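Residue numbers (the working numbering), protein chains in the order written: chain A, 1 to 247; chain B, 1 to 300.
Treat the hints with care, since some could be wrong.
[Claimed, not checked] Here are the simulated DMTMM-like cross-link-like pairs (lysine to aspartate or glutamate), alpha carbons at most 20 Å apart as the crow flies:
1) A:LYS243 x B:GLU125
2) B:LYS224 x B:ASP278
3) B:LYS283 x B:GLU204
4) A:LYS116 x A:ASP177
5) B:LYS137 x A:ASP210
6) B:LYS174 x B:GLU157
7) B:LYS137 x B:GLU204
8) B:LYS244 x A:ASP17
9) B:LYS244 x A:ASP184
10) B:LYS298 x B:GLU175
11) B:LYS184 x B:GLU204
12) B:LYS235 x A:ASP17
13) B:LYS283 x A:GLU229
14) A:LYS77 x A:ASP17
15) A:LYS4 x A:GLU115
16) A:LYS131 x B:GLU20
17) B:LYS137 x A:ASP17
18) A:LYS223 x B:GLU257
19) B:LYS282 x A:ASP210
20) A:LYS96 x A:GLU74
21) B:LYS298 x B:GLU204
22) B:LYS137 x B:GLU100
23) B:LYS174 x A:ASP181
24) A:LYS243 x B:ASP278
25) B:LYS89 x A:ASP177
26) A:LYS4 x A:GLU32
27) B:LYS174 x A:ASP232
28) B:LYS131 x B:GLU100
29) A:LYS123 x A:ASP177
30) A:LYS123 x A:ASP181
31) A:LYS227 x B:GLU257
32) B:LYS235 x A:ASP210
33) A:LYS223 x B:ASP278
34) B:LYS235 x A:GLU61
35) B:LYS174 x A:ASP210
36) A:LYS72 x A:GLU91
37) B:LYS224 x B:GLU245
38) B:LYS174 x A:ASP177
No lab work stands behind these hints, which were simulated from the structure alone.
All figures in this text were calculated on a predicted structure; none of them were measured in a lab.
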Amino acid sequence: MNEKAITCKGLTKRFGDFIAVDNISFEVNTGEIFGFLGANGAGKTTAMRMLCGLSFPSSGEATVAGYDVFTKQESIKKNIGYMSQKFSLYENLTVKENIRFYGGIYGLTNAELKEKGEGLINKLGLHSESKKLVGELPLGWKQKLAFSVAIIHQPKIVFLDEPTGGVDPVTRRQFWDLIYDAADSGITIFVTTHYMDEAEYCNRISIMVDGRIDALDTPANLKQQYKAETMDEVFYALARGAKRSAD
Amino acid sequence: MPQQSSDAVTLNNITKTYGETVAVKELSFSVKRGELFGLIGPDGAGKSTIFRILTTLLLADSGVATVDGYDVVKDYREIRKRVGYMPGKFSLYQDLTIEENLEFFATLFGTTVTENYSLIKDIYEQIAPFKTRRAGKLSGGMKQKLALCCALIHRPEVLFLDEPTTGVDAVSRKEFWEMLQRLKQQGITIVVSTPYMDEADLCERIALMQSGSILSIDTPAAIKQAYPDELYAVKSGNMHQLLKELRAYGSCYAFGEYLHVSGISENALAGYVKEHTDVVIKKVAPGVEDCFIRLLLKHE
Numbered sequence: 001m002n003e004k005a006i007t008c009k010g011l012t013k014r015f016g017d018f019i020a021v022d023n024i025s026f027e028v029n030t031g032e033i034f035g036f037l038g039a040n041g042a043g044k045t046t047a048m049r050m051l052c053g054l055s056f057p058s059s060g061e062a063t064v065a066g067y068d069v070f071t072k073q074e075s076i077k078k079n080i081g082y083m084s085q086k087f088s089l090y091e092n093l094t095v096k097e098n099i100r101f102y103g104g105i106y107g108l109t110n111a112e113l114k115e116k117g118e119g120l121i122n123k124l125g126l127h128s129e130s131k132k133l134v135g136e137l138p139l140g141w142k143q144k145l146a147f148s149v150a151i152i153h154q155p156k157i158v159f160l161d162e163p164t165g166g167v168d169p170v171t172r173r174q175f176w177d178l179i180y181d182a183a184d185s186g187i188t189i190f191v192t193t194h195y196m197d198e199a200e201y202c203n204r205i206s207i208m209v210d211g212r213i214d215a216l217d218t219p220a221n222l223k224q225q226y227k228a229e230t231m232d233e234v235f236y237a238l239a240r241g242a243k244r245s246a247d
Numbered sequence: 001m002p003q004q005s006s007d008a009v010t011l012n013n014i015t016k017t018y019g020e021t022v023a024v025k026e027l028s029f030s031v032k033r034g035e036l037f038g039l040i041g042p043d044g045a046g047k048s049t050i051f052r053i054l055t056t057l058l059l060a061d062s063g064v065a066t067v068d069g070y071d072v073v074k075d076y077r078e079i080r081k082r083v084g085y086m087p088g089k090f091s092l093y094q095d096l097t098i099e100e101n102l103e104f105f106a107t108l109f110g111t112t113v114t115e116n117y118s119l120i121k122d123i124y125e126q127i128a129p130f131k132t133r134r135a136g137k138l139s140g141g142m143k144q145k146l147a148l149c150c151a152l153i154h155r156p157e158v159l160f161l162d163e164p165t166t167g168v169d170a171v172s173r174k175e176f177w178e179m180l181q182r183l184k185q186q187g188i189t190i191v192v193s194t195p196y197m198d199e200a201d202l203c204e205r206i207a208l209m210q211s212g213s214i215l216s217i218d219t220p221a222a223i224k225q226a227y228p229d230e231l232y233a234v235k236s237g238n239m240h241q242l243l244k245e246l247r248a249y250g251s252c253y254a255f256g257e258y259l260h261v262s263g264i265s266e267n268a269l270a271g272y273v274k275e276h277t278d279v280v281i282k283k284v285a286p287g288v289e290d291c292f293i294r295l296l297l298k299h300e
């Protein structure tokens, strides 16, 4: 099976006169780690919300995990995982309770929950913390746990919205180990970040400017194309010309 | 009583706990007048707690701290006149316009916008076209510039900036640091915190922080120079596999396009990667992030 994880053609979202996402087209291959970069306000979050089945496009077409974003939003939601720096876990539930809660939402059976939950706690080395409230864990642990919970139902694609913001450099790399492991297990990764070194860890990246995708290729090709030493320089060359800025 | 000290900020054995959590642990350091000083560390390192103690918004459990020669407990009124503070969370009045916020803060500090306009001119001009817009309706970058103007309008001696660039894209981050360099030239002492290691190089001196303690404090150049090992950048056609393999032999972690490897000789390294294609091995100078990673791993 070599179907595309995401296909997207002329995808557009308007809010009144404002074109948040302007006619973007791209494809993400199954099993790929795809970096979705752009300046603040470039339209990343809006695009991501459409792909996650949370908002209808104004025009264009897109499929996620083979499902149409206009007609199959509920199927999309069942087949993806999502985490962000802002929304991840319930702070006033324990580690175990969060795992049960999210696993339950994604329809895991009790037997699956037990097995997956234990596997996850083992992998993250969270034994002594499993009955602690998530709010008491350091941010880095929270984020690793949130990611593991977001893929507990082995989704086809996981969307990660700035998952490593504010995390220390060692934990940030441990987080990417988890991303690679997930990709090895066949999960397609769609990730946004402001850390340009993390752009290098992606198979391909796109860079959004003012609602458009102005560049899309492997990090190596982009650096060659923009005659840049680092992804930081590529990003700067593209985003410097942006007309708009927002949250 | 103000002291004629060459230090703009001093901390001596400051400890602060929240319940069982030790946020800041017996911390001591000082910041010279006119210095651009960086507190570098992740969430939970204790950076915000330090800012809140120094701006007299929070009492330490023990220890002594001064700002501009004044004691943070006894002389809090004096300190409040002399510092500018930009908290991590946007804290201006959302219902007031740009102009109204700025005038409000000027009035609070017994001054006028005109009196100190020269200090904020460069920054304010960028948002002036929107001066009748409410602060709540501004973009992230504009809010940040307004907050900086409001923190500067009374021409403070010391400016405290708590993670001003968190969640901000690479281009806006660069612009913000250019603004800071210009403010420094005007003689203002700046204490700034950031989780971004690349911003450490833009400070004159930095403290690398983790879990309420300072792991290292010096100029970025001296911190990098103190790195004890040879550091190699390595890449191949299969980076994830290479990372897993090399970890067995020494310190190895992803670093952008390359892996950074230490504790393995160049010869041994060449032997370990011979199964790989498209191999590149080169010696590199460590950056602040390499030093921080080394310190973190040593601490664990």
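Do the hints match the structure? See the list:
1. A:LYS243 x B:GLU125: Between A:LYS243 and B:GLU125 the Cα gap is close to 17 Å, so the pair holds against 20 Å.
2. B:LYS224 x B:ASP278: Violated, because 29 Å separates the two Cα atoms, which is more than 20 Å.
3. B:LYS283 x B:GLU204: Not satisfied, since the Cα-Cα distance of roughly 26 Å exceeds 20 Å.
4. A:LYS116 x A:ASP177: holds, 19 Å
5. B:LYS137 x A:ASP210: holds, 19 Å
6. B:LYS174 x B:GLU157: The given pair, whose Cα atoms are some 24 Å apart, is violated under the 20 Å limit.
7. B:LYS137 x B:GLU204: violated, 35 Å
8. B:LYS244 x A:ASP17: Answer violated: B:LYS244 to A:ASP17 is near 50 Å, above 20 Å.
9. B:LYS244 x A:ASP184: holds, 13 Å
10. B:LYS298 x B:GLU175: Judged against 20 Å, a Cα distance of about 35 Å means the pair is violated.
11. B:LYS184 x B:GLU204: holds, 11 Å
12. B:LYS235 x A:ASP17: violated, 47 Å
13. B:LYS283 x A:GLU229: holds, 17 Å
14. A:LYS77 x A:ASP17: violated, 29 Å
15. A:LYS4 x A:GLU115: violated, 30 Å
16. A:LYS131 x B:GLU20: holds, 17 Å
17. B:LYS137 x A:ASP17: Within the cut-off at roughly 17 Å; holds.
18. A:LYS223 x B:GLU257: Holds. A:LYS223 to B:GLU257 sits at ~11 Å (cutoff 20 Å).
19. B:LYS282 x A:ASP210: At roughly 38 Å apart (the allowed maximum being 20 Å), A:ASP210 and B:LYS282 break the hint.
20. A:LYS96 x A:GLU74: Violated, at about 27 Å.
21. B:LYS298 x B:GLU204: violated, 25 Å
22. B:LYS137 x B:GLU100: Given that 20 Å is the threshold and the Cα spacing comes to 14 Å, the pair holds.
23. B:LYS174 x A:ASP181: It is violated: about 33 Å lies between the C-alpha atoms, which goes past 20 Å.
24. A:LYS243 x B:ASP278: Not OK: A:LYS243 and B:ASP278 at ~40 Å, beyond 20 Å, violated.
25. B:LYS89 x A:ASP177: Given pair B:LYS89, A:ASP177 is violated - Cα atoms ~31 Å apart, limit 20 Å.
26. A:LYS4 x A:GLU32: Measuring from Cα to Cα gives roughly 10 Å; hence the hint holds.
27. B:LYS174 x A:ASP232: Status holds; Cα separation ~11 Å.
28. B:LYS131 x B:GLU100: holds, 8 Å
29. A:LYS123 x A:ASP177: holds, 12 Å
30. A:LYS123 x A:ASP181: holds, 11 Å
31. A:LYS227 x B:GLU257: holds, 15 Å
32. B:LYS235 x A:ASP210: violated, 34 Å
33. A:LYS223 x B:ASP278: holds, 18 Å
34. B:LYS235 x A:GLU61: violated, 38 Å
35. B:LYS174 x A:ASP210: holds, 19 Å
36. A:LYS72 x A:GLU91: violated, 31 Å
37. B:LYS224 x B:GLU245: At roughly 27 Å apart (the allowed maximum being 20 Å), B:GLU245 and B:LYS224 break the hint.
38. B:LYS174 x A:ASP177: violated, 29 Å
Hint compliance for this structure: hints 2, 3, 6, 7, 8, 10, 12, 14, 15, 19, 20, 21, 23, 24, 25, 32, 34, 36, 37 and 38 are broken, all remaining hints hold.
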